[in-house]
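**Student:** One line per chain: the protein sequences are A and B, in this order.
Residue numbers for the first sequence follow this note's numbering, so the first one is 1 and each next one is one higher.
Residue numbers for the second sequence follow this note's numbering, so the first one is 183 and each next one is one higher.
None of these hints come from the bench; they were simulated from the model.
Misleading hints may appear alongside valid ones.
[Claimed, not checked] If you only want the chain B side, here are some residues facing chain A, beta carbon under 8 angstroms, derived:
hint	residue
1	A235
2	I237
3	F240
4	I243
5	P246
[Unchecked claim] Residues from chain B that face chain A, not an exhaustive set, calculated with beta carbons under 10 angstroms:
hint	residue
6	T198
7	L202
8	A216
9	L223
10	L229
11	V231
12	E239
13	W244
14	L250
15	P254
Just so we're clear, the structure is a prediction, and the values are computed from it rather than from any experiment.
Note that the Cβ used here is the ideal one computed from N, Cα and C, for glycine as well.
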Amino acid sequence: MTQPEALEGRIADALAAGDLAAAATEGIRGYGRELLRYLGSLLGDEDAAGDAFAETCAKIWRGLADFRSDSSFRTWLYQIVTRRALNKLHRGRNTGSLNLLAENPDPGPEPAAAAERNFAADAVTDALAALPFPQRAAVVLHHFEGLSYADVADVTHSSVPAVRSQLFRARRTLGTKLQQWR
Amino acid sequence: MSGPSPGRQQSRLFLTSPALACGAEVDLLLEQIADGRGADLDAHQRLCVHCQAAITEFTAIWKPVAELASMPVPAPPSLTDAVMSHIRVLVRDV
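Whenever a hint applies, use it, and build me the whole structure from the sequences.
**Tutor:** Here it is in structure tokens:
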């Protein structure tokens, strides 16, 4: 059994036993970091991502009783997070940049190489932030968080061909921008 | 004379065209590389200079995206407190 399967299994066991607190704790502990990164990429702002994450955790807690196991718990979490991010963006569009690499406290033994990676990370995060929301969500969900096309379609209430099409356009845009940076 | 190198100009062309000179679809090549299958060349790609040049160029372009995606995600120290304060309100309301 893989690590994600084991996590999903523990969450399912907790839900079956009616232990919502244990299920929420497992879900937030197991998927919290990737959800936070996803929110950061969507919102482009670390504080907004932190706020949205905290609100999402509360929503997860509240919504657990309604969770239906026709999708994975992970997919369900991403659905909640995506809705939350969209709400935040509608309230006030934020186009700032979140440089995830710059938050890494250990640049490693080669500062020049680390600085180069930070420039590259800036270029990627800026290029991501400029993508339309559906393309940005698809790129982060698939390429950063490893969701399949089918799971991305579930999260975004879309179809696999539509997700593929969003990714086709996003890769060309990212490719063009990153090529200019190089 | 300064300006983009011929290779760079050619790859700009790749990214704005639906297909390479050999007929290979650019979107499918990008998908192959972005999904980490750039080394899995099919029979045509093993022999085609257009595909090989595009794959080399796209792989280099996509590298920073793949590196960023593989980085660990740091959590702000204040986040746990923020999450717990939301949860405490909910628990009080139950």
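**Student:** Go through the hint on B/A216 and say holds or violated, using the shortest Cβ distance to chain A against 10 angstroms.
**Tutor:** holds (6 angstroms)
**Student:** Would the stated hint for B/T198 survive a check requiring a Cβ distance to chain A of less than 10 angstroms?
**Tutor:** holds (8 angstroms)
**Student:** For the restraint on B/V231, tell me whether the closest CB of chain A is nearer than 10 angstroms.
**Tutor:** Since the shortest Cβ distance to chain A is 20 angstroms, the answer is violated.
**Student:** Hint B/E239 vs chain A: min CB-CB distance below 10 angstroms?
**Tutor:** holds (8 angstroms)
**Student:** Tell me if the interface restraint on B/A235 is satisfied: Cβ within less than 8 angstroms of some Cβ in chain A.
**Tutor:** violated (14 angstroms)
**Student:** Verify the interface restraint on B/W244: the C-beta must sit less than 10 angstroms from at least one C-beta of chain A.
**Tutor:** At about 7 angstroms, which falls below the 10 angstroms cut-off, the nearest Cβ of chain A leaves the hint on B/W244 intact, so it holds.
**Student:** Given B/F240 as an interface hint, is the shortest Cβ-Cβ distance to chain A below 8 angstroms?
**Tutor:** holds (7 angstroms)
**Student:** Verify the interface restraint on B/I237: the C-beta must sit less than 8 angstroms from at least one C-beta of chain A.
**Tutor:** B/I237 check fails; min Cβ-Cβ to chain A is 13 angstroms, beyond 8 angstroms.
**Student:** Less than 10 angstroms between beta-carbons is the criterion; does B/L229 satisfy it with respect to chain A?
**Tutor:** Because about 24 angstroms separates B/L229 from the closest Cβ in chain A, which is outside the 10 angstroms limit, the hint is violated.
**Student:** With chain A as the partner, please determine if B/P246 meets the hint condition of a C-beta pair closer than 8 angstroms.
**Tutor:** holds (4 angstroms)
**Student:** Let's test the interface hint: is any C-beta of chain A closer than 10 angstroms to that of B/L202?
**Tutor:** At about 14 angstroms, which exceeds the 10 angstroms cut-off, the nearest Cβ of chain A leaves the hint on B/L202 violated.
**Student:** Does the closest beta carbon of chain A sit nearer than 8 angstroms to the beta carbon of B/I243?
**Tutor:** Hint holds; B/I243 Cβ to chain A Cβ min 5 angstroms, cut 8 angstroms.
Of the numbered hints given earlier, the model fails hints 1, 2, 7, 9, 10, 11; all others are met.
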